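Just so you know, the protein sequences line up as chains A and B, in that order.
Going by my numbering, the residue at position 70 of the first sequence is 70; the numbering climbs one at a time, nothing skipped.
Going by my numbering, the residue at position 15 of the second sequence is 265; the numbering climbs one at a time, nothing skipped.
Please note that the accuracy of each hint is not assured.
As the list claims (entries may be wrong) - DMTMM-like cross-link-like pairs, simulated, lysine to aspartate or glutamate; straight-line CA separation at most 25 Å:
| id | chain 1 | residue 1 | chain 2 | residue 2 |
| --- | --- | --- | --- | --- |
| 1 | A | K213 | A | E186 |
| 2 | B | K439 | A | E85 |
| 3 | A | K197 | B | D366 |
| 4 | A | K242 | B | E495 |
Claimed, not checked - Stretches of chain A that chain B covers, calculated by requiring three or more beta carbons in the stretch to come under 8 Å of a beta carbon on chain B:
| id | region |
| --- | --- |
| 5 | 59-72 |
| 6 | 91-99 |
| 7 | 230-240 |
It should be emphasised that the hints constitute simulated quantities derived from the structure, not laboratory data.
Just so it is clear, the structure is predicted and the values come from calculations on it, not from any experiment.
Cβ atoms here follow ideal geometry from the backbone N, Cα and C, with glycine treated the same way.
There are 2 protein chains.
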Amino acid sequence: MTNRKEITAGIIIIGNEVLSGRTKDINTSTLAKWLNSIGIEVKEVRVIPDIEATIIENVNHLRKKFNYIFTTGGIGPTHDDITAESIAKAFNVEYGFHKEAYSILENYYKPGEFNDGRQKMAKMPTSANLILNPTSGAPGFNIGNVFCLPGVPSILQSMIGGLNNVLIGGDPILSITISLRTVESEIAKSITEIQNKNNDVEIGSYPFFRAGKLGVSIVIRSSNKKKLDGCYQQIYKFVEKKGIEIVEEV
Amino acid sequence: MTNRKEITAGIIIIGNEVLSGRTKDINTSTLAKWLNSIGIEVKEVRVIPDIEATIIENVNHLRKKFNYIFTTGGIGPTHDDITAESIAKAFNVEYGFHKEAYSILENYYKPGEFNDGRQKMAKMPTSANLILNPTSGAPGFNIGNVFCLPGVPSILQSMIGGLNNVLIGGDPILSITISLRTVESEIAKSITEIQNKNNDVEIGSYPFFRAGKLGVSIVIRSSNKKKLDGCYQQIYKFVEKKGIEIVEEV
Chain A
1 MTNRKEITAG
11 IIIIGNEVLS
21 GRTKDINTST
31 LAKWLNSIGI
41 EVKEVRVIPD
51 IEATIIENVN
61 HLRKKFNYIF
71 TTGGIGPTHD
81 DITAESIAKA
91 FNVEYGFHKE
101 AYSILENYYK
111 PGEFNDGRQK
121 MAKMPTSANL
131 ILNPTSGAPG
141 FNIGNVFCLP
151 GVPSILQSMI
161 GGLNNVLIGG
171 DPILSITISL
181 RTVESEIAKS
191 ITEIQNKNND
201 VEIGSYPFFR
211 AGKLGVSIVI
221 RSSNKKKLDG
231 CYQQIYKFVE
241 KKGIEIVEEV
Chain B
251 MTNRKEITAG
261 IIIIGNEVLS
271 GRTKDINTST
281 LAKWLNSIGI
291 EVKEVRVIPD
301 IEATIIENVN
311 HLRKKFNYIF
321 TTGGIGPTHD
331 DITAESIAKA
341 FNVEYGFHKE
351 AYSILENYYK
361 PGEFNDGRQK
371 MAKMPTSANL
381 ILNPTSGAPG
391 FNIGNVFCLP
401 GVPSILQSMI
411 GGLNNVLIGG
421 DPILSITISL
431 RTVESEIAKS
441 ITEIQNKNND
451 VEIGSYPFFR
461 AGKLGVSIVI
471 RSSNKKKLDG
481 CYQQIYKFVE
491 KKGIEIVEEV
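The shape of chain A in the complex, shown without the other chains:
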């Protein structure tokens, strides 16, 4: 929408536990907020099962479509952790012990505790760059434009900071949220008119039900602060004119 070069990302959540409904994915939200803050927009998320052919197909399709791909899940020590081997096959590169990863894990565990399962976590594309893990030792890895992270949210969260200097983003995407005491259908027409006059700002409208009361959050997003502020002024003016209560502004 703007003139700036758009930097895009796709996320691939690898895990039967999300597809079965057992686990609610929260890594998408963590990754998206962080990527937004460094000027990278998430354009698509896919949740796929722990099946090698499916992982390869999706990684190879999406890595051509977006600037960056992030995968979560499937890099632990158990039989259902097949992400690293699948990624090696997707890139058609050697899969085996990564020297640096092996050495990190060997030092991380007490002598005698670096067993088969733990050694498996040092197996990945041997040419990959490591993504260090300050929480639990086992690193993620990066090959080409694909970044492979673990599925456990707290561990993933502790690892992404290390990538801030690796990724090349655009201007950060700025946003303002205005929460109103109204219902969508009361403001739909005016918001449409404002959207039509502000092509460089994305306006979203999201109903909410909080503390027993209905409301609507208007979220405006742009990488251009001036245009964002201009759009905000137009919304503020219309809200004031209509006498709609503002519940919260963030």
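Dock chain B against the given chain A, drawing on the hints supplied.
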């Protein structure tokens, strides 16, 4: 994996608010658990933006790939609600006021309150079947094997029960979760051996951190109760032999 005919589903989450990280998707979990209970397996989830061409492309690709497709989001009254029109275009059918939907909404609102925004919610493929909404009036709709539901979780949840007699599922997928006081790398080898002996059961291993203590949940899934129970016995035996504490069984 089993001999039964597999009935599959895909989910398409339509919404910039999930891609921006602002909203965490919980509809996938609701849909997946419900679909599992009626013997339908979710094979893929995609989160895509509110862009017409993207919606059309994904719907047309996935509806050929799976038995059922569920979309969430984008069927409200505002300018960014474009799911219904996009679906009509994907199926190349007429988009306009759906007589029954119009009449439901006209009756739902007080005289004089059925404004433009609300009338928009009666617009959809004119030949669609309605999915009734006991919470807030505005119906979802079904065309072909595609079922379009709203994005607000509580409303979506109230609507899916009405589909139990419409969808044709297979045998329900049964599961047992055994939560152990151990770490994945300690049990990886034994669980791999058990998985190799139980091809008709899917075994997943998920580390957790609860009340300050580490553990691993072993989730076994199958539509065959006898095979599921057999696999469970093997895991129980190994856990007992190793002296691993069972935290919880569900």
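Could you tell me which of the hints above the structure violates, numbers in ascending order? The structure conflicts with hints 4, 5, 6, 7, although it agrees with all the remaining ones.
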